[in-house]
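Visitor: Next come the chains, spelled out residue by residue.
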Amino acid sequence: MQVRPSRLNHVIQFGFRCMSWIFMSTAILPMNVVAEEDPYLSAISSEASKVDSTEQPTLDTPDVQPTKDDGGLDLQAFEEDLKASYQGSYTFYQKLPRRTREEVFQVYSDGASIDEVRKMIMDRFLHQ
Amino acid sequence: MKPGVSLSLSLALLLVAFQSGAEEVVVGESNVIGLTADKPYLHVIHEGRSVKVQRVQDPDYELKGYFAKTARKCPPFCIQPEQVDPSVSTVGEIEIFNFMENELRDNKGIMIDARTPEWFQRGTIPGSINIPFTQFGDGNSPEMEKALQLFGAKRRVDVSAMSRKLEEMGFMDGERKTEKWDFSNAKKLVVWCNGPACGQSPRAIKGLLKVGYPTDSIFYYRGGMQMWQLWGLTTVIPGE
Chain Y
211 MQVRPSRLNH
221 VIQFGFRCMS
231 WIFMSTAILP
241 MNVVAEEDPY
251 LSAISSEASK
261 VDSTEQPTLD
271 TPDVQPTKDD
281 GGLDLQAFEE
291 DLKASYQGSY
301 TFYQKLPRRT
311 REEVFQVYSD
321 GASIDEVRKM
331 IMDRFLHQ
Chain U
18 MKPGVSLSLS
28 LALLLVAFQS
38 GAEEVVVGES
48 NVIGLTADKP
58 YLHVIHEGRS
68 VKVQRVQDPD
78 YELKGYFAKT
88 ARKCPPFCIQ
98 PEQVDPSVST
108 VGEIEIFNFM
118 ENELRDNKGI
128 MIDARTPEWF
138 QRGTIPGSIN
148 IPFTQFGDGN
158 SPEMEKALQL
168 FGAKRRVDVS
178 AMSRKLEEMG
188 FMDGERKTEK
198 WDFSNAKKLV
208 VWCNGPACGQ
218 SPRAIKGLLK
228 VGYPTDSIFY
238 YRGGMQMWQL
248 WGLTTVIPGE
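For the record, the sequence lines run as chains Y and U.
Numbering follows the numbering used here, in which position 58 of the first sequence is assigned residue number 268; successive positions increment by one, without gaps.
Numbering follows the numbering used here, in which position 36 of the second sequence is assigned residue number 53; successive positions increment by one, without gaps.
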């Protein structure tokens with residue numbers, strides 16, 4: 211059986227339409243999912259542009275102190291911290307000889323936890 | 018140890034303890050506006066530097082700028098519930114101070130600024146790292162996987178259905194474990210964003226709950242940046 215050229219064109223056109231519909235559906239579907247999130251993200255982004263970081267209360271005077279990584283020592287901050295948070299440990303710490311205090315600070319600077327540091331202070335105090 | 022030595026040591030300790038009481042600084046009686054009645058300030062490590070966290074000492078200071086505003090368009094910036102989930106604790110500033118001095122210092126906890134990077138770059142709470150809430154959306158994304166590993170979770174491989182069933186029934190140790198993740202060493206997380214009208218950290222927390230992160234290790238700081246600034250607490254600009 212012979213198919214007339216005009217009928218063949220219709221079949222081909224229909225095939226293309228189907229393919230383009232399938233292609234569009236698969237391409238648009240994920241975009242819809244993203245679009246749900248987009249308005250929120252754009253609103254967040256728009257709000258962020260309204261923030262002036264210089265208006266933050268204590269931003270201009272943060273007491274940033276160098277740590278060992280910066281080539282400086284932070285002994286004073288450590289001692290102030292210990293005094294403020296662990297008065298008892300600080301009192302024992304004060305009774306230690308200077309070299310032992312430096313040793314304690316060294317351990318602290320190397321990343322020991324405050325519990326380990328406090329234990330070390332007591333240990334050194336009892337065995338000096 | 019001999020009894021005599023022990024007695025002398027105890028007396029020495031008592032004497033030292035007595036002296037420490039005498040030296041105690043009473044914040045309330047000085048002009049210092051402290052973090053708490055007995056804590057004038059604290060130090061926290063931020064980007065490798067020790068930052069002093071304190072309050073503005075000027076009693077006449079008034080908050081200005083974005084975080085002084087009382088209203089934002091709602092939706093999307095609507096007032097959030099006190100709790101993100103009944104199983105997740107909401108915390109305030111005092112708990113944050115304690116967290117900074119303990120879990121953060123001992124590397125057992127992480128403070129997460131869950132806002133998008135453009136917010137983070139404009140100022141953050143010292144000690145926080147930026148993991149935007151968008152990274153918690155898909156439990157299987159590489160970003161989420163990386164974040165969970167940073168939090169101390171371990172990926173589980175080849176867990177048979179039988180093993181999982183036995184874990185669920187309590188015959189095997191399945192506590193703090195899911196099919197995909199072992200949260201045995203999961204760190205405590207304080208998750209925060211812009212404040213009571215911000216939905217970014219609640220979304221991050223919901224993402225964490227979805228992958229089975231232990232609820233007793235997640236803490237929601239609802240006050241966020243707005244309350245932090247209202248109390249005149251120190252903020253830092255990342256990279257500066």
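In short, the hints are calculated from the structure, not lab data.
Everything numeric in this text was worked out from a predicted model, so none of it was measured.
Backbone N, C-alpha and C fix where the C-beta goes; we use that ideal spot for every residue, glycine too.
Mixed in with the good hints, there may be bad ones.
Pairwise CB distance ranges, derived in the manner of DEER restraints [stated by the list, open to error]: (1) Y:Glu312 with U:Lys182: 51 to 61 Å; (2) Y:Ala253 with U:Pro255: 32 to 42 Å; (3) Y:His337 with U:Glu135: 21 to 31 Å; (4) U:Lys227 with Y:His337: 17 to 27 Å; (5) U:Pro255 with Y:Asp325: 27 to 37 Å.
Stretch by stretch, here's where chain U covers chain Y in the computed footprint (C-beta under 8 Å, at least three residues) [what the hints assert, rightly or not]: (6) 255-262; (7) 310-320.
Here are the simulated EDC-like pairs of lysine to aspartate or glutamate, each with C-alpha atoms no more than 20 Å apart in a straight line [claimed, not checked]: (8) U:Lys69 with Y:Glu290; (9) U:Lys69 with Y:Glu289; (10) Y:Lys329 with Y:Glu265; (11) U:Lys204 with Y:Glu290; (12) U:Lys90 with Y:Glu290; (13) U:Lys86 with Y:Asp325; (14) Y:Lys293 with U:Glu79; (15) Y:Lys329 with U:Glu257; (16) U:Lys56 with Y:Asp325; (17) U:Lys69 with U:Asp199; (18) U:Lys69 with Y:Glu265; (19) U:Lys86 with Y:Asp320; (20) Y:Lys293 with U:Glu257; (21) U:Lys197 with U:Asp233; (22) Y:Lys260 with Y:Asp248; (23) U:Lys125 with U:Glu79; (24) Y:Lys329 with U:Asp199; (25) U:Lys90 with Y:Glu289; (26) U:Lys125 with Y:Glu257; (27) U:Lys56 with Y:Glu265; (28) U:Lys86 with Y:Asp262; (29) U:Lys90 with Y:Asp325; (30) U:Lys81 with Y:Glu265; (31) U:Lys171 with U:Glu196; (32) Y:Lys329 with U:Glu118; (33) U:Lys56 with Y:Glu290; (34) U:Lys205 with U:Glu257; (35) U:Lys197 with U:Glu184; (36) Y:Lys293 with U:Glu184.
Visitor: None of the hints should be skipped; say for each whether it holds.
Guide: Verification of the supplied hints:
In this structure the supplied range 51 to 61 Å holds for Glu312 of chain Y paired with Lys182 of chain U, their Cβ-Cβ distance being about 57 Å. The hinted range of 32 to 42 Å is not satisfied by Ala253 of chain Y and Pro255 of chain U, whose Cβ atoms lie roughly 23 Å apart. For the pair His337 of chain Y and Glu135 of chain U, the beta carbons lie near 54 Å from each other, so the given range of 21 to 31 Å is not met. Between Lys227 of chain U and His337 of chain Y the beta carbons are some 52 Å apart, a value that contradicts the proposed interval 17 to 27 Å.
Distance hint check for Pro255 of chain U and Asp325 of chain Y: the Cβ-Cβ separation is about 29 Å, which falls inside the suggested range of 27 to 37 Å. Only residues whose C-beta sits within less than 8 Å of a C-beta in chain U count toward coverage, and the region 255-262 of chain Y has 7 of them, enough to reach three; the restraint holds. Only residues whose beta carbon comes within less than 8 Å of a beta carbon in chain U count, and the region 310-320 of chain Y has 0; fewer than three means the coverage is violated. Note on Lys69 of chain U and Glu290 of chain Y: the hinted pairing holds, with a Cα-Cα distance of about 10 Å set against a maximum of 20 Å.
With a C-alpha separation of about 13 Å, the suggested pair Lys69 of chain U and Glu289 of chain Y falls inside the 20 Å cut-off, and the hint holds. Among the hinted pairs, Lys329 of chain Y with Glu265 of chain Y is inconsistent with the structure: their alpha-carbon atoms are about 42 Å apart, more than 20 Å. With a CA separation close to 27 Å, the supplied pair Lys204 of chain U and Glu290 of chain Y exceeds the 20 Å bound. Distance check on the hinted pair: Lys90 of chain U and Glu290 of chain Y sit about 44 Å apart at the alpha-carbon level, beyond 20 Å; violated.
The hinted pair formed by Lys86 of chain U and Asp325 of chain Y fails the criterion: a straight-line CA distance of about 42 Å is larger than 20 Å. Proximity of Lys293 of chain Y to Glu79 of chain U is assessed by CA-CA distance (about 31 Å); at most 20 Å being required, the pair is judged violated. Proximity of Lys329 of chain Y to Glu257 of chain U is assessed by CA-CA distance (about 35 Å); at most 20 Å being required, the pair is judged violated. Distance check on the hinted pair: Lys56 of chain U and Asp325 of chain Y sit about 18 Å apart at the alpha-carbon level, within 20 Å; holds.
Taking the CA atoms of Lys69 of chain U and Asp199 of chain U, the gap is about 35 Å. The hint is violated against a cut of 20 Å. This hinted pair checks out: Lys69 of chain U and Glu265 of chain Y have alpha carbons roughly 19 Å apart, not beyond 20 Å. Distance restraint check for Lys86 of chain U and Asp320 of chain Y: the Cα-Cα separation of roughly 43 Å exceeds the 20 Å cut-off, and the hinted pair is therefore not satisfied. Taking the CA atoms of Lys293 of chain Y and Glu257 of chain U, the gap is near 28 Å; set against the 20 Å cutoff, the hint is violated.
Between the alpha carbons of Lys197 of chain U and Asp233 of chain U the distance comes to roughly 19 Å, so the proposed pair stays at or under 20 Å and holds. With a C-alpha separation of about 19 Å, the suggested pairing of Lys260 of chain Y with Asp248 of chain Y holds against the 20 Å cut-off. Proposed proximity of Lys125 of chain U and Glu79 of chain U is contradicted: the alpha carbons are some 36 Å apart, above 20 Å. Using a Cα cut-off of 20 Å, the hinted pair Lys329 of chain Y and Asp199 of chain U is violated, with the two alpha carbons roughly 32 Å apart.
Our distance criterion of 20 Å between C-alpha atoms is broken by Lys90 of chain U and Glu289 of chain Y, whose separation comes to about 47 Å. For the hint linking Lys125 of chain U to Glu257 of chain Y, the alpha-carbon distance of about 33 Å lies beyond 20 Å, and the restraint is violated. Taking the CA atoms of Lys56 of chain U and Glu265 of chain Y, the gap is near 26 Å; set against the 20 Å cutoff, the hint is violated. Our distance criterion of 20 Å between C-alpha atoms is met by Lys86 of chain U and Asp262 of chain Y, whose separation comes to about 13 Å.
In summary, the hint linking Lys90 of chain U to Asp325 of chain Y is not supported, as the alpha carbons are separated by about 47 Å, beyond the 20 Å threshold. Straight-line distance between C-alpha atoms of Lys81 of chain U and Glu265 of chain Y comes to about 6 Å, which keeps the hinted pair within the 20 Å bound. Of the pairs offered as hints, the one joining Lys171 of chain U and Glu196 of chain U holds, with about 11 Å between alpha carbons and a cut-off of 20 Å not exceeded. With a CA separation close to 16 Å, the supplied pair Lys329 of chain Y and Glu118 of chain U stays within the 20 Å bound.
Distance restraint check for Lys56 of chain U and Glu290 of chain Y: the Cα-Cα separation of roughly 11 Å lies within the 20 Å cut-off, and the hinted pair is therefore satisfied. Taking the CA atoms of Lys205 of chain U and Glu257 of chain U, the gap is near 27 Å; set against the 20 Å cutoff, the hint is violated. Of the pairs offered as hints, the one joining Lys197 of chain U and Glu184 of chain U holds, with about 13 Å between alpha carbons and a cut-off of 20 Å not exceeded. This hinted pair does not check out: Lys293 of chain Y and Glu184 of chain U have alpha carbons roughly 47 Å apart, beyond 20 Å.
Violated hints, listed in ascending order, are 2, 3, 4, 7, 10, 11, 12, 13, 14, 15, 17, 19, 20, 23, 24, 25, 26, 27, 29, 34 and 36; each of the other numbered hints is respected by the structure.
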